[in-house]
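Spelled out from the first residue to the last, the chains are:
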Amino acid sequence: MSKQDMSDPAAQRQQIETEIPRPWVLARLDDLVNWARRNSLWPMPFGTACCAIEMMAAAASKYDIARYGMERMGYTPRQADVMIVAGRVSYKMAPVMRRIWDQMPQPKWCISMGACASTGGVFDTYTLAQGIDTVVPVDVYVPGCPPRPEGLLYGLLMIQEKIKGESIVDPRAREEAPEAAGKAHLAPKEVELIAAPFGNSTFQNRVSGLESSSPIVRPGDRKD
Amino acid sequence: MVSSKNLESRTAAVAEGRALERHDVVELRSRFGRAVRRLETDALGEPIVHVDPEHNTDVLGYLRDAQGFDMLKDVTGLDLGGDQPVQVVYQLWSTSESKPLRVKAEVPPDRPKLKSAFGIWRAANWLEREVYDMFGVRFEGHPDPRRILMPENYEEGYPLRKGFPLRGRFTRAEQTRRALARDLEDIYSLAELEVARSGGRGQELASRLGQVPGVSVSVAGADVPDLETSNMILNIGPQHPATHGVLRLVVELDGETIVKCTPHIGYLHTGFEKLGEYRTWNQNIPLTDRIDYLAPMLYNIGYALAVERLLGIDITPRCKVIRVICSELNRILSHLIWVGTTAIDIGAFTPFLYTFQERERIYNLHEAYCGARMTTSVTRIGGMMADVPPGWLDGVAEFVETFPKTLAETERLLTQNSIWIGRTQGVGVMGGADAINSGLCGPNLRASGVAYDVRKDNPYLDYETYDFDVPIGENGDTYDRYLVRMEEMRQSLRILEQALDRVPDGPINVSDPRVILPPKSEVMNSIDGMIAHFKLVMEGLKVPAGEVWSSIESSKGELGIYLVADGGPKPVRCRYRAPSFMNMSNLPALIEGSLIADLIAVNASIDIVLGEIDR
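Chains as they are written, first to last, in our numbering: chain A, 2 to 225; chain B, 1070 to 1684.
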């Protein structure tokens, strides 16, 4: 291409339009969409207990969640992308959480912040859901009791990483069966499996084939 | 340095029964005869009066009217398992004479029934509902005998009864299914909907306020006779930014006036009290952090103190001062978040950033001491998890020196601010006598003009040797509650200054091998040390049979801890009387008759933490 051609914008545009193959646009659209999505994630802070205070600390001056474009805490689920479940979720609270999750428009992600939200934590009691993943699908688990604000920020960065790999033409990525709304996320058998006494640690052993560390069954402790 | 009091001498003092010769107890016995079944003393030598369940309200009413027990601190249950009767425990306090009294009534476990003390102390309202919820004891004459923490359709039983398994009766899958099968529209209580439909109590209140419902409206000159009007029900929460957690408020509105406000709690119910019965004495300490996560060390200290009182040991002088420093730091920590979030609720964002800056500095001190920012677990029975690290006290001193500047800046933003004054003055008023009767506590009670502070009235950790004032308010409104908390932070700084001056040298833990693990050098080199270590690790700390109701002044109010031991390594009952629970139960009384906008200000002003309310 000569220098003269470069100075003519019309010729330049025509050259670009003819030289670039069609599928290129679709591939780049994914990048564009994902870039837009991951840099303006609006959290829906579902804070219940101790972790909520660390979530507030992440939003306050020292940690400043705004650096990642996530300072817009939307208390209405209809205008939010990421539900951050921070704290213990009791069975009394579970339907409320499920309702809020169902009200959020797609695409949406969920962070389970802290030990209690992820597994029930130390509270293996009659009232606490043993992990919110029995109720809603979870994308990122942030460990800690409570996690430090850095931990939550890292969790949000992991959501960003996850979004990077998504494609808008992949129908499986964000599909949601309408009849699943208001229902548990896991089948009863799986709920039992991960919510057994000493929960996830034995569950991990079981999936790795270590049958010997099956959960302790105490007679009379449970009426099936 | 061994400073543990001799256990034998303590039990001897109890056996002497000196407390039972107290004139009020003697008088009670002579007056009520057989209605007073028997008398006991607890681990502190304080009297316990067992009354006949048929006559509980007679005795309680007499105690309030004739003997000056004007404060009902706690109503709770105690189930010892098997066929033994369920005990209902009333913890009373006389503000004029500064003395406690515990009254117990035993009811049969299969058909537990008692008369409600609501007519005597309004504080009994939520406390009795909790006893019903957790133990199944029905209170006759209670105005609102519903479950309070568990869902209303909970079918698994009464969680704190000994026969109830820790994980509930149903499988986890069934519990999840039942939870999600609930229609959220159904959880408006029927009573509220009924009230809305009929006008009910709303009309009564509305006419009292001078507003006539069912007004004749004139449309284009023609009279339309008596339009049917009904009150509006507004649901706030449980996921709402202004409820400070997972609180749900259902308010019934006549225009903008609140005619009825019903708080629904229990959305964060975690089962601390049940779990406490399955954990050893020291294992309970990490759980206490998570009850009040805004001031975790206060709960650590309150719990450790209660167990130490039950054991009858005295902690070392250094430990006492370090605990005072931790207490006051956490009081500031909690009041700071209160100022920040309340200001956000009322419309000012800046104080939140100011106060969180200071909170981060206290968190840094927490971290330097115990490694955690928030869940500190800093105490052990008989001492602390470790001595403070070198330089830590200098860090506290620096905080004490520099913090007043931020405090003054925050005050400058709010105290004279006309919006702040307009939103808070004269809003949510409660008088002193009402406040005592209905169980308001902490800064809220003091804002109503009652100078009751556990640090002064029933001192612990040598608080009587510190020079500090108890600020009280004049009007009992939201603005006074703000002023009292600001002044309390300044008084906490005064206590911190004095404490820093007097931190003594010496060991932080008692050197009692029954309670505290011996140092590793002793464990490895002497048979005595090894045996003590082995016994403590394998068998756990043994606490002699007995019970204690011990309290400290937490940042929210009086934190009472009622422990019952049977000589084993775990508590039989581990009750936390949460100050926020008592304060929250007063929200309807504070808000009914005011405008809906004030609800947010008043709810924020009573300083609640849902972890503590729901436990």
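Worth flagging that the hints you see were computed from the coordinates, not collected in a lab.
Please read all numbers here as calculations on a predicted model, not as lab measurements.
Glycine is no exception: its CB is placed at the ideal position from the N, C-alpha and C atoms.
Hints may contain errors.
[Unchecked claim] Under the rule of at most 30 Å between Cα atoms (straight-line distance), these lysine-lysine pairs were calculated in the DSS-like manner:
1) A:K190 / A:K63
2) B:K1231 / B:K1604
3) A:K184 / A:K63
4) B:K1231 / A:K63
5) B:K1389 / B:K1525
6) A:K190 / B:K1231
[Unchecked claim] Every beta carbon over 10 Å from chain A, so not counted as near; a handful from chain B, in silico:
7) S1165
8) D1179
9) A1242
10) A1248
11) D1574
12) A1601
These are the hints, each one checked on the structure:
1. Straight-line distance between C-alpha atoms of K190 of chain A and K63 of chain A comes to about 44 Å, which puts the hinted pair past the 30 Å bound.
2. A threshold of 30 Å between alpha carbons decides the hint, and for K1231 of chain B with K1604 of chain B the separation of about 28 Å falls inside it, so the pair holds.
3. A hinted pair counts as satisfied when its Cα atoms are at most 30 Å apart, and K184 of chain A with K63 of chain A does not qualify at roughly 39 Å.
4. This hinted pair does not check out: K1231 of chain B and K63 of chain A have alpha carbons roughly 47 Å apart, beyond 30 Å.
5. Distance check on the hinted pair: K1389 of chain B and K1525 of chain B sit about 16 Å apart at the alpha-carbon level, within 30 Å; holds.
6. For the proposed pair K190 of chain A and K1231 of chain B, the alpha carbon gap of about 29 Å is at most 30 Å, so the pair holds.
7. S1165 of chain B, annotated as away from the interface, keeps every beta carbon of chain A farther than 10 Å; the closest lies near 39 Å.
8. In this structure D1179 of chain B is separated from chain A by more than 10 Å, as the shortest Cβ-Cβ distance comes to about 20 Å.
9. The claim that A1242 of chain B lies off the interface is violated: its Cβ sits roughly 3 Å from the closest Cβ of chain A, which falls inside the 10 Å cut-off.
10. Annotated as non-interface, A1248 of chain B brings its C-beta within 10 Å of a C-beta of chain A; the closest such distance is 4 Å.
11. Remark: the non-interface label on D1574 of chain B is consistent with the geometry, its nearest Cβ contact in chain A lying 34 Å away (cut-off 10 Å).
12. Non-interface call for A1601 of chain B relative to chain A: holds, since the shortest CB-CB distance, roughly 28 Å, exceeds 10 Å.
Checked against the numbered hints above, the structure violates hints 1, 3, 4, 9 and 10; every other hint is satisfied.
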